[in-house]
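Note that the protein sequences, when read in sequence, are chains X and U.
Heads up, the first sequence is in our numbering, so the first residue is 118 and it goes up one at a time.
Heads up, the second sequence is in our numbering, so the first residue is 16 and it goes up one at a time.
Be careful, since some hints might not be right.
[To be verified] So the derived label-pair ranges between C-beta atoms look like this:
id	chain 1	residue 1	chain 2	residue 2	range
1	U	Ala32	X	Gln201	25 to 33 Å
2	U	Ala68	X	Leu156	30 to 38 Å
3	X	Leu233	U	Ala68	42 to 50 Å
4	X	Gln197	U	Lys83	41 to 49 Å
5	X	Ser170	U	Lys130	28 to 36 Å
6	X	Ser122	U	Gly23	45 to 53 Å
7	X	Gly188	U	Lys130	33 to 41 Å
8	U	Pro94	X	Ser170	22 to 30 Å
9	U	Ala68	X	Val129	28 to 36 Å
10	X	Ala171	U	Lys130	48 to 56 Å
11	U	Ser27	X	Val129	30 to 38 Å
No lab work stands behind these hints, which were simulated from the structure alone.
Backbone N, C-alpha and C fix where the C-beta goes; we use that ideal spot for every residue, glycine too.
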Amino acid sequence: GAGVSQSPSNKVTEKGKDVELRCDPISGHTALYWYRQSLGQGLEFLIYFQGNSAPDKSGLPSDRFSAERTGGSVSTLTIQRTQQEDSAVYLCASSLAGRGPGETQHFGDGTRLSIL
Amino acid sequence: AQSVTQLGSHVSVSEGALVLLRCNYSSSVPPYLFWYVQYPNQGLQLLLKYTSAATLVKGINGFEAEFKKSETSFHLTKPSAHMSDAAEYFCAVTPGGSGNTGKLIFGQGTTLQVKP
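Looking at chain U on its own, in the form it has when it is part of the complex (with noise of 0.2 Å):
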């Protein structure tokens, strides 16, 4: 079975500083890992992916996250926060490998506040 678990439900940070959103995963079988952001009332846009290739993976928006194995984490980091990073951010994994649906297992969402 998968899992996933953000740590803290709440982060907020100074414009200008860096961003670190926590997400640890649980899976049986190898993952795929993705990081999803939520403005309000939108629907979920993907930030970056992670597919078993490069264990660093660059997104959109200058985010990145590095897939650590050992410590079966999925961090999601930006060196400098905007005004617009403000958003919900969610942490999702799935089973990887042929035969399965993609049907994503999310966090509970970590909402990014930036101060001015």
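With the rest of the complex left out, here is chain X (with noise of 0.2 Å):
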């Protein structure tokens, strides 16, 4: 079946400008996840959705940072007024939530951002 679909793969832009990053998680998750990928900090958890509960935003590093789930399927995480040290590969993953945190979180293959 399909996996985790993220979009773009790729995005370059310029210092400053804002962009929106793209989650389609598996089918009947409901669970989704938001992690940040960068050479300096690793592996980061950034936010978390659970069906209609209010979301887990406590690894959100700036408030430059949001994201948001509609529909309890597709997400997207935006980040305002771009940085260079946003510059990281952001993944995002999906679970069957309701088993508790044990369920396996499936990883799409990320988007990779690049700040001029």
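Both chains are sitting in their own frames, so use the hints and assemble them into the complex.
Below, the structure is given as structure tokens:
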């Protein structure tokens, strides 16, 4: 079946611009996570959505970062006024929630973001 | 709070030799532990996970790991390395128990090189 799909796969933009990254989770997966992978910081949790519950935003590094999930499916991560330190690979994962935190997270191939 | 330490950012083995990748964790509650593999320009793929059942966990591609509470370790092993095992490996922890989101805390990763 189809896995987690992320778009675009690569994004190059100028410092100060806004960017939107998209994630299509596996059909039927109610939990969705965003992570960031950078050379300096490794893999970091950003935000978590579960159904209609309030998202866990505890990993967002600044108020320039926001995310939404419409209709319990597709999610968009938005970075406003991008900075060079935002350059990283942004990974999305989804899982069948409701079975506890041990449920396997399935990852997309990520969006490689480069800020010039 | 949870944390993960992977000992050795780079490990090199000969084809056919034993693979041992080390992971130590810190967790204030019983943890769930995961090993993921990442190939170039791809997302993360689950190798195996420990979720408080058997302490010796078998995963895909011949890998296994043993949860040792007394040593706070979850080392990954494979008896005989293949060239195709060359990749980056991540150990991750999340607090167990209901009510937790499952957000993963990752180690810094270990790059496995397999020499012919």
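Check each numbered hint from earlier against the structure, then list the numbers of those it violates in ascending order. Violated hints (numbers, rising): 1, 5, 6, 7, 8, 9; every other hint is consistent with the structure.
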